[in-house]
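Visitor: As a plain string of letters, each chain reads:
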Amino acid sequence: MDKMFYFLAFLAILSALMVVLVKNPIHSILYLLVTFTSITGHYILFNAQFLAAVNFIVYMGAIMVLFLFVIMFLNLNGETEPQKSTLVKFAGVISGGLLLLVMVASFKKAVTIPLNTEVDTQIGLIKNLGMVLFKDYALPFELASVLFLVAMIGAVMLAKKDWK
Amino acid sequence: MTIDIIFKLILIASIFGLSLVTAMYSTLAERKFAGFFQDRLGPDRAGPYGLFQPLADGLKLLTKEEIIPESANTFLFLAGPSLAMLTACMTSAVIPWGTYIEVDGHKLPLQVADINVGILFVFGVVSLGVYGVMIGGWASNNKFSLLGAIRGASQNISYEISMGLSIIALVMITGSLSMREITDQQSGFHGMNWYVIKQPLGFLIFLICSFAETNRTPFDLPECETELVGGYHTEYSSMKLGFYLFAEYINMFISSAVMATLYFGGYNFPFMHDLGLSQNVVAMLGVGALFIKILLFIFFFMWVRWTVPRFRYDQLMRLGWQVLIPLAILNIIITGGVVLFFQ
Amino acid sequence: MKSLTNRSKLVVNKQMTFMERIYLPVIAKGMLVTLKHFFRKSVTIRYPEVKRLFAAAYRGLHVLKKDENGAERCTACGLCALSCPAEAITMTAAERQPGEEHLYKEEKYASMYEINMLRCIFCGLCEEACPKEAIFLTNEELAPSVYDRKDLIFGKDKLVEKEHNPNGKVRGGGPLTERLYHG
Chain X
7 MDKMFYFLAF LAILSALMVV LVKNPIHSIL YLLVTFTSIT GHYILFNAQF LAAVNFIVYM
67 GAIMVLFLFV IMFLNLNGET EPQKSTLVKF AGVISGGLLL LVMVASFKKA VTIPLNTEVD
127 TQIGLIKNLG MVLFKDYALP FELASVLFLV AMIGAVMLAK KDWK
Chain U
-14 MTIDIIFKLI LIASIFGLSL VTAMYSTLAE RKFAGFFQDR LGPDRAGPYG LFQPLADGLK
46 LLTKEEIIPE SANTFLFLAG PSLAMLTACM TSAVIPWGTY IEVDGHKLPL QVADINVGIL
106 FVFGVVSLGV YGVMIGGWAS NNKFSLLGAI RGASQNISYE ISMGLSIIAL VMITGSLSMR
166 EITDQQSGFH GMNWYVIKQP LGFLIFLICS FAETNRTPFD LPECETELVG GYHTEYSSMK
226 LGFYLFAEYI NMFISSAVMA TLYFGGYNFP FMHDLGLSQN VVAMLGVGAL FIKILLFIFF
286 FMWVRWTVPR FRYDQLMRLG WQVLIPLAIL NIIITGGVVL FFQ
Chain H
171 MKSLTNRSKL VVNKQMTFME RIYLPVIAKG MLVTLKHFFR KSVTIRYPEV KRLFAAAYRG
231 LHVLKKDENG AERCTACGLC ALSCPAEAIT MTAAERQPGE EHLYKEEKYA SMYEINMLRC
291 IFCGLCEEAC PKEAIFLTNE ELAPSVYDRK DLIFGKDKLV EKEHNPNGKV RGGGPLTERL
351 YHG
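Chains as they are written, first to last, in my numbering: chain X, 7 to 170; chain U, -14 to 328; chain H, 171 to 353.
Please keep in mind that the hints were generated in silico from the structure rather than gathered at the bench.
This one's a predicted model, so the numbers in the text were calculated from it and none came from an experiment.
Positions of the beta carbon are idealized from the N, C-alpha and C atoms, including for glycine.
Hints are not guaranteed to be accurate.
With a straight-line Cα cutoff of 30 Å, these simulated DSS-like cross-link-like pairs (lysine-lysine) come out [unchecked claim]: (1) U:K128 - X:K166; (2) H:K206 - U:K17; (3) U:K17 - X:K133; (4) U:K92 - X:K133.
Under 7 Å between C-beta atoms, here's a sample of chain X residues computed to sit facing chain U [what the hints assert, rightly or not]: (5) I19; (6) G67; (7) F75; (8) A144.
Hey, can you work out the whole structure from these sequences and the hints?
Guide: As structure tokens, this is what we get:
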């Protein structure tokens, strides 16, 4: 199990780096796909079957397909990529560095929680998850779904051409 | 414990072999049935009744010249058909092929993995299937291929939604996502417990969506010859093309198996427990019953192919978004109401 | 404008009814039609084993006939070559030597006789022109295929019939009563 975890973590980080480093946007998307696959693997290691399946369907099966779809349509390549000025590059480096600083600081402050062996390993199964979502966290869950509904209606409104 | 593992390995190998052989002979059946539907004979030269035709076709594909276009992205060009084949073969892991057989007092279920979220797994793998088409189509660096790939992607995404919604209505009745549990709920009553009777609308939506998901006529727009030459596999040759075609037939086999399992009782058959046969015999008869159902579905796929003409693209999208999704939501509401009423 | 033929039809773009719009009844009807065809006897003729009879008016490849004693009927008069609109026929005449009576019917015969099958249009005028009933277009071999255009100039080796056949216009193969025969 340990080896599996390290392998998946290594794969996830490597492919996440490759997402940023490769030039071709299509390759980027495919590396992102590998990242999601390894994260799905993590979920399975946690025995969170439902989360793994949903990650599979929603992120890998739908959202990434849409990403790929859009990028194929845009036909991005080296020539069409807009050239960024040096100033923008500097701004990017500085803000990225600041973000890194904040993250390192917060990680230094973090306390390692001792491993709790009493964790319920069945919590990730769909029945328990449903109980938690619809009993303990019913209101936040419903609010999130309203948020999605709003986003959906907004998308339809944007897509409609002659809105009066 | 070892007997379990050995049995699992045998099971995996035999399921893999069976699905490949079924897909192989589906290619022959497709051509034969096409002939019969058109008052012809179909291929009948290779062996008795043309039974060696799939072998000859395979040999032909293997020995043909392998062409990789100069401007294609070689790695992705090769990854496309491999991915299509991989995702096609993955789904069979969660389908319960039979009840269980008893060896030395061990209960050995005829299913590779009875996972808690079986339906979602099938669904996820099916939604991954489109990557083979998309990557292959894009990597070919050909406009027809790209158009085919884009059609495939948008079609799959559109029909996945109504497929998922039709499954939700089913899951509301079953209360379980495990394929084995759903199958077991349908036993008894001589077929009157099959979910197709409780979910006729859901089954219809699922059926139409599975036609779209497997890229079969009348939804074979990603590879329609009249508009896109060969669609996403225009640039493919030899066994890489064979993989794409083969993956389509495996997909057809798998989706037939899923439909038979979810809506037609899977390995259950009438008078299953009244015959007084031993468990092993009943299990084997159950496997036979499931395969008969699957073969009937495959026949249905082919029957539709040689009857219904291809949809136009806007008709396809209208059917998916404006007809099937509202119908599926309506189905969910009705099912929810009925479930509440009988609670 | 008034139609001359009265065959034109007015196109109406009528709205489909609900039953037509859900398509399923129509699809079911179509599926029944195809299912009927599925069980119908196929119309295929398995060609090399089973052949169809040729029509009585069929004109195939040329045959140079022999008489009942097995002697060639052609006298190299050249009327066929003269009548040929495609100028596909050529020949050389020779005199029959003593002792060759069993080979050639009359004193004069064609020592060389060639038909260029690339030029021939199978009109059958040679058959009509022949005064000796020596040439008929009755060879029912189909579409000779060769690798070299030269091989399509047929000489006497390919044109002269191997054995005497009593009927002038007999068709190759089987009985005339059946539509199909095994060849």
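Visitor: Indicate, hint by hint, whether the structure satisfies it.
Guide: Now the hints, each set against the structure:
no.: 1; hint: U:K128 - X:K166; verdict: 28 Å, holds
no.: 2; hint: H:K206 - U:K17; verdict: 16 Å, holds
no.: 3; hint: U:K17 - X:K133; verdict: 47 Å, violated
no.: 4; hint: U:K92 - X:K133; verdict: 26 Å, holds
no.: 5; hint: I19; verdict: 22 Å, violated
no.: 6; hint: G67; verdict: 3 Å, holds
no.: 7; hint: F75; verdict: 5 Å, holds
no.: 8; hint: A144; verdict: 17 Å, violated
The structure shown violates the earlier hints numbered 3, 5, 8.
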